[in-house]
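J.: Spelled out from the first residue to the last, the chains are:
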Amino acid sequence: MFDFLQDYDLAGAVWTTVQLAVLSAVGSLIWGTMLAAMRVGPVPLMRAFGTAYVNIVRNIPLTVIILFASLGLNQTLGVTLGAGGDFKTINFRLAVLGLILYTSSFVCEALRSGINTVPVGQAEAARALGLGFGQVLRLVVLPQAFRSSVIPLANVLIALIKNTTVAAAIGVAETALLMKEMIENEAQLLLIAAVIALVFVVLTLPTGLILGWVGKKVAVKR
Amino acid sequence: MTAVSVATEDKAATGELVVLNSVNKHFGALHVLQDIDLTIHRGEVVVVIGPSGSGKSTLCRTINRLETVDSGSITIDGKPLPAEGKELARLRADVGMVFQSFNLFAHKTVLENVTLGQVKVRKADARKAEETARALLDRVGVGAQADKYPAQLSGGQQQRVAIARALAMGPKVMLFDEPTSALDPEMINEVLEVMKQLAEDGMTMIVVTHEMGFARSAANRVVFMADGRIVEEATPDQFFSNPRSDRAKDFLSKILHH
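Residue numbers (the numbering used here), protein chains in the order written: chain A, 8 to 229; chain B, 1087 to 1344.
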């Protein structure tokens, strides 16, 4: 019944999906944290940039961003992200870039909601000790904000894992592109759909459960 | 502004530590601080009392610029309070602050709360900082709780940790913003005892409080505020036995006679 799977590199496709998800998750966590720092910071120009970035980027469909990365950045402007002429690598990197740019706006907002759960007195006490803005954020506010953002960040991560399928639009050989190929060549439509769906459930369900547990475990007691 | 700089110069000589000069502040239409002039000398314990909304907490918070002022000047140890940035942070390190709601860092242990400022601001060696922290925690009577988290402590213990945290910076002056107002009655004394000890050790203190007993026994001077103004300044004896202003008489009659 599952014989047809032998003709396809399902494991390789799933691995590509995992790589897309992990690299994008790390990248968007970093960029999203920087955006959140800008949005709560004292510098008006940075605040304006952070606000504008989030409100523009999160409202553009991911497909548009990924397609622009490929058609606009690469094919028109010639950006290769250091991959030379290797189209597979170029497209993979462009997909990661697009996913980071897009997901970081959601990471920023999840973190900002976490920052808002930290009582203002915590930052006041830190400032009263003589800590600078960066130190207050890094040593007192963000550690508490991250702890209360674990569960909203898990939602963002789950959405990211599923969003990696958009990379199929620019030919990255990940799981959804493999499904397209299988459906074109095979007859077991429902079975194919079920296998692919199962792959994503296997990736996302533990993510949600584990991070949900972690979120409770690290919650700051007040 | 020239008058202010003249005042700045003779300060070090006379032992003036904190000087507020015609300080004004508004919250929207509310004029919370109206022409406040106040001088605190080295080693002096000044208790600020007054009805709710009189501006006494705001006054306390302007001294390390947790609240900005609209006009007037504040100088600490001869230096005008900087507006922003590193200079301000450096000055805040010299001004200890104890809050009504303790504000211990909830994600750090008691010990870490007391070492954080020493290590990150004073750049003290980690082991030295821990030694200092343990000694201070013992001094305020919570040495046994060093490895617990703030949420595991009683309010009185948390506030004593907060005092130790402020003392760890080696401050020139300590600000207390209603330190016992959020405490259960039976825990108020343990905090006041620590504060009295501190006063006897010669720490310069500005204490906003409703604890008249503390004001009587520990203060060198009582500042009575109402409606954003300093209405009366006197020694505790004078103030409690023979207040001059009607506003103070009214206030005392309401709190002392029942």
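Simulated from the structure, these hints should not be mistaken for laboratory data. Fair warning: there could be bad hints in the mix.
[Stated by the list, open to error] Ranges of calculated distance between the beta carbons of each label pair, as one might list FRET restraints: (1) B:Glu1173 / A:Met53: 17 to 27 angstroms; (2) A:Val127 / B:Ala1115: 16 to 26 angstroms; (3) A:Gly48 / B:Gly1139: 26 to 36 angstroms; (4) A:Val71 / B:Glu1173: 29 to 39 angstroms; (5) A:Val29 / B:Gly1139: 23 to 33 angstroms; (6) B:Glu1217 / A:Val127: 41 to 51 angstroms; (7) B:Ser1138 / A:Thr58: 35 to 45 angstroms.
Glycine residues also receive a C-beta, built at the ideal position from the N, C-alpha and C atoms.
J.: It remains to establish, for every hint, whether it holds in the given structure.
T.: Evaluation of the provided hints:
no.: 1; hint: B:Glu1173 / A:Met53: 17 to 27 angstroms; result: 21 angstroms, holds
no.: 2; hint: A:Val127 / B:Ala1115: 16 to 26 angstroms; result: 23 angstroms, holds
no.: 3; hint: A:Gly48 / B:Gly1139: 26 to 36 angstroms; result: 32 angstroms, holds
no.: 4; hint: A:Val71 / B:Glu1173: 29 to 39 angstroms; result: 47 angstroms, violated
no.: 5; hint: A:Val29 / B:Gly1139: 23 to 33 angstroms; result: 55 angstroms, violated
no.: 6; hint: B:Glu1217 / A:Val127: 41 to 51 angstroms; result: 32 angstroms, violated
no.: 7; hint: B:Ser1138 / A:Thr58: 35 to 45 angstroms; result: 37 angstroms, holds
Taken one by one, the earlier hints fail for this structure at numbers 4, 5, 6, listed in ascending order.
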